[in-house]
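Engineer: Kindly generate the complete structure, drawing on both the sequences and the hints.
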Amino acid sequence: MTIKIGDTLPEGTLAEFIENETEGCALGPNTFNVQDLVKGKKIAIFGLPGAYTPTCSAQHVPGYVQHAEELKAKGVDEIWCISVNDAFVMGAWGRDQKATGIVRMMADGNAAYSKALGLDADFSKFGMGTRSQRYSLLVDNGVVTQLNIEQGGKFEVSNAETLLGQLA
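Every letter in the sequence shown is one number past the one before it in numbering that gives the first Met the number 0, and letter 130, counting from 1, is 129.
Hints may be right or wrong, so weigh each one.
To be verified - Pairs of lysine-lysine, BS3-like flavour, derived with a Cα cap of 25 Å:
(1) 71 - 97
(2) 3 - 71
(3) 114 - 153
If you're looking for bench data, these hints aren't it; they were derived computationally from the structure.
Structural biologist: Following this line, the structure appears as structure tokens:
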């Protein structure tokens with residue numbers, strides 16, 4: 000079943016490649032419990048099929064990087080990109096996209112979290128296996144307040160501009 004507005008995010012974990020070691024976060028891949036990360040925060044989350052893919056790299060991530068300050072000015076505490084890739088790939092892609100420190104590049108390596116959201120997609124015909132659908136959502140203290148799911152092959156409603164407009 001696909002998550003919907005008013006639902007609480009499901010239990011699960013995501014991994015993030017940490018560039019600089021800090022107290023509680025080692026250098027390299029760290030696994031985080033989603034429920035712990037969303038407590039008391041407003042988070043803009045966007046999901047996409049894969050790192051380094053054309054639309055994801057040319058439009059989706061750059062849009063959130065470009066509009067990060069505007070999103071934060073409207074009360075967003077964090078911005079996450081979730082993709083079915085490993086934390087090493089997500090970390091490298093984040094560096095390439097100049098997203099480090101702006102967008103948290105969250106790895107869903109086995110698509111477990113995408114499946115829990117009901118937002119997984121079969122990309123086997125492209126040789127990519129199970130991936131994430133393209134979507135955006137706004138979460139306030141773990142509850143979904145906005146949800147935008149793209150139709151197959153489209154990039155019209157999950158962009159940063161749409162989510163920014165929904166915060167007005």
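Engineer: Give a verdict on every hint.
Structural biologist: Quick rundown of the hints versus the structure:
1. In summary, the hint linking residue 71 to residue 97 is supported, as the alpha carbons are separated by about 17 Å, within the 25 Å threshold.
2. Taking the CA atoms of residue 3 and residue 71, the gap is near 23 Å; set against the 25 Å cutoff, the hint holds.
3. Proximity of residue 114 to residue 153 is assessed by CA-CA distance (about 20 Å); at most 25 Å being required, the pair is judged to hold.
Consistency note: the structure conflicts with none of the earlier hints.
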